[in-house]
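This is what each chain is made of:
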Amino acid sequence: MIPTLIGITLMIFAISRLAPGDPFSLQSGPGGQLDAKTFGNYVEQQKKLHGLDKPLPVQYVLWLKNTAMLDFGDSIKHHRPVFELIKERLPITLMLNVIAFVLIYTISIPLGVLAAVRHKKFVDTSMSVIVFVLWSIPVMLAGQLFIGYFCGPTFKNWFPPAGLSSNDADTMAFLPWLGNRLWHLVLPVICLTYRGFAYLAKQVRAGMLDNLRADYVRTARAKGLSNLVVIGRHAFRNSIIPVITIMATLLPAMIGGSIIIESIFSIPGMGRLAFEAVTTRDYNVIMAVATIGGVLNLMGLLLADIAYAIADPRVSFEGKL
Amino acid sequence: MNSGSGLFKFLIFVLLVIVVVIQGLSIMQSDRLCERLDGLIKTVSESQIAMANPSRGDDGPGDEGDWLIWHIPAEPASLNPITGRDVYERWITGYYHNHVYETLLEYNWDTLELEPLLAESYEVSEDGKEITFVIRDNVHFSDGVKVTADDVLFTYETIMNPSIDSAHLANYFQEFKEVVKIDERTIKFICHKPYFLALETAGIMSVLPKHVYDFNDPMQFNDRYTNPVGSGPFVFEKWDTAQKIVLARNENYWGKKPKLKKIVFKIIKNDLAALQAFLAGEIDFYKRTASEQFVKYSKDPEFLEKASCLEYWDPRVAYGYIGWNQKKVYFKDRRVRQAMTMLVNKQELIDTIYDGKGELTSGHCYKFGKFSDKTIEPWPYDPEKGKELLDEAGWVDTDGDGIRDKDGVPFRFKLMAVSGSPVTERTARAIKDYYSRAGIEMELDFLEWSIFEQKLYDKKHDAAFLAWGGVITPDAFQVWHSSQIEGRGSNHVSFANAEADKILEDARPTLDEKKRIKMYHRFHRILHEEQPYLFFRVRPRLSFIDKRCENVKVHKLGLDPKEWYVPKEKQKYK
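Sequences listed follow chains X and G, in order. As numbered in my numbering, the first sequence has no gaps in its residue numbers, which increase by one up to the final residue, 331. As numbered in my numbering, the second sequence has no gaps in its residue numbers, which increase by one up to the final residue, 556.
The shape of chain X in the complex, shown without the other chains (with noise of 0.2 angstroms):
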């Protein structure tokens, strides 16, 4: 894992420094109005106060030892420490993603069973090509046209448009507060998760499939077996690795989907934090946000693993060291 997340940081190090443009020149751009030889200096000094001035494997160094530590450094265009500024905002990217991936799971996998259960008829074909008309419809537009018909008077005024909270959230009780929370979260929780469906529930479905048709299924049947128990505790828990697979991939995907949701609905979370280091060049933002990122989709990885073996006993970690 270590060196794969070295490999990650050297990419991104190396993509992020090499791209035209610097933080500072950017900072004061032609309507800063320095004068010529001023500005020379400016961005000089500039630079030596960020510690830009040394040779870049220098510090790549300096920034991989200081991270070791767990010290992002500064943000160029906050004048704080990154690790200030991923504090505020992670949290509400986690929720977000938590919430949506959830949602995910507990719609397409029963979605998935049933459509294998009925195979072939109404059921399965009609859900097949809902989740794929879902699956294919782009993010961005999705939110703009919900922002567009669903938040606002001239159409239906539901839900609120951007934001987290209304302006008076603040003097609100728990849970009214709570309530205002979660109604602002409905069309960014949407918006993340309609196009999650597609793929799981055509994993699940395909799963199921194959272990309806298997003997110990119809064993399981010919024993006197409830229908219930036999998808539910034979065929289900057969078809549940690949899931998992899964499981693994679209946790990081997601977080990367909430760089547009987050703009879209103007969330304050790490995805737009990302977005904006990217465009001002704030090296150090932009170093933290993909370390941390890195790290979650490895988290992801690792978590697919235990979950293997909490599936299926015949995976165990024991007598692997």
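No lab work stands behind these hints: they were computed from the structure. Only a predicted model underlies this, so the values are computations on that prediction, with no experimental measurement involved. The C-beta atom is built at its ideal place from N, Cα and C for all residues, glycine as well. Each hint should be verified, as a subset may be incorrect.
[Claimed, not checked] Chain G residues, not near chain X, derived (Cβ > 10 angstroms throughout):
no., residue
1, Ile51
2, Leu96
3, Asp109
4, Glu166
5, Lys281
6, Pro283
7, Glu330
8, Ile335
9, Lys349
10, Asp389
11, Pro491
12, Met501
[Unchecked claim] List time: in silico DSS-like cross-link candidates among lysine-lysine, alpha-carbon distance up to 27 angstroms:
no., chain 1, residue 1, chain 2, residue 2
13, G, Lys442, X, Lys57
14, X, Lys97, G, Lys220
15, G, Lys437, X, Lys64
16, G, Lys529, X, Lys166
17, G, Lys544, G, Lys239
18, G, Lys441, X, Lys57
19, X, Lys166, G, Lys442
Since the structure of chain X is provided, determine the placement of chain G on it from the hints.
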């Protein structure tokens, strides 16, 4: 292993996740509880000071109370007036509105003259080198400490401190030789040589309280991005990252108190979402609307019942232009540059792409201001004349391929523009079309801002589509003087004209505004003849304001929400 136990464990895992989420939510809630308690304690202590210190000034019309929700499209990086760089810092706490920090002088919103604010009076010496300010006796910061000459001196010294991240400001203050404190209330700024902007530079400087901002380590000051403290009519209350910034009324303010209890700056990046929030009443003041939205809604009677649509000008509006890089062979000749202007039907572009919201402009100064020579008409759209000029300059199609050429070089160049704005892209495409009709091939290059910017300063580009922001008192030196071509100067078109250089140099020590206006009128004429830019258009400010706000006035300097109020029956927030 029991066959049910795996599923059971999975369910436990899901349950744990849910518990963690709920726990997280409740932690956030208890944080909020603490914040509210803090707020309560703050209000109590403030009201005690207020009782001991009754406020001055007449109250003006209107009811007290309610909040104003003000839309901003992006979050400022910092609310520190010295290290902060973006326009939103100036709107929220800085010198545009003087909400939290105040300046020694301020521009009168209607006459655009400098008037005393924190200063009681000011005096400029005969030779223009010394400016003396006397600070009012009765002004104090929101924490009750008096504003003195020490605070002004501290602010100046902080700006000039090389370890402070303030080079963008320090550049302006280089005109001063030193700043001397005469007594507790009197401070003197001494310049190297007379300079007409010196009074504005010193006067429009947000004064920081020394006892709050004093530092041993400059990094300590650089890292201070929030919790602004000043002497203004509002105090900082809270900053919810990337969501909103809240200012509350300063109950202890030394001057005329505003009627609004709070101003909430709501950060919404997405234009459509901002419009929807305005329609739903979540936003009261949508300051910068898109012209398309404005045109559509200002005709909608239902909308007009609920909101006012204001179209107004202020000297800070930007002008759009295309800069021709004169180092390139195509644009060396003045006739070519004039022709480039005549070939484009700018009015048609404004009418079709900008929904008619915009005016043609002919120079670098604010079109309706005194420094702009109003007798100069923008070059008309005259493609025949344009083609003649190109022929005269030697650009004729000799090889019959449909593209003009001269000395074997075809007239084929690249216009670079900043990517991401559909309006800019449409305009650039339309202009390309105009030129192709005259036998000029213009390629388009849409670049991300950082790359655009670097190319601009390397001066390897052919032409650039850009805009300059406006100012109240212009000094054209940085953009147009030939000394600003080299390095990273702002004269990125390499404009060099001996007479213009002379005017720009002479204008700087000219304190007499009437004389300076004359000089600038002459300079305007030179720009018009030389056409280093294709001066394109200026765009009015287009704002939506909820009708519950009253006393909304359009000043020459724009809108000032400090004077607005909401009548009792329309108040929404407490």
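Status of each hint after checking the structure:
no., hint, in the structure
1, Ile51, "violated, 6 angstroms"
2, Leu96, "holds, 20 angstroms"
3, Asp109, "holds, 24 angstroms"
4, Glu166, "holds, 32 angstroms"
5, Lys281, "holds, 15 angstroms"
6, Pro283, "holds, 14 angstroms"
7, Glu330, "holds, 28 angstroms"
8, Ile335, "holds, 21 angstroms"
9, Lys349, "holds, 19 angstroms"
10, Asp389, "holds, 32 angstroms"
11, Pro491, "holds, 17 angstroms"
12, Met501, "holds, 20 angstroms"
13, G:Lys442 with X:Lys57, "holds, 24 angstroms"
14, X:Lys97 with G:Lys220, "holds, 18 angstroms"
15, G:Lys437 with X:Lys64, "holds, 24 angstroms"
16, G:Lys529 with X:Lys166, "holds, 22 angstroms"
17, G:Lys544 with G:Lys239, "holds, 9 angstroms"
18, G:Lys441 with X:Lys57, "holds, 23 angstroms"
19, X:Lys166 with G:Lys442, "violated, 52 angstroms"
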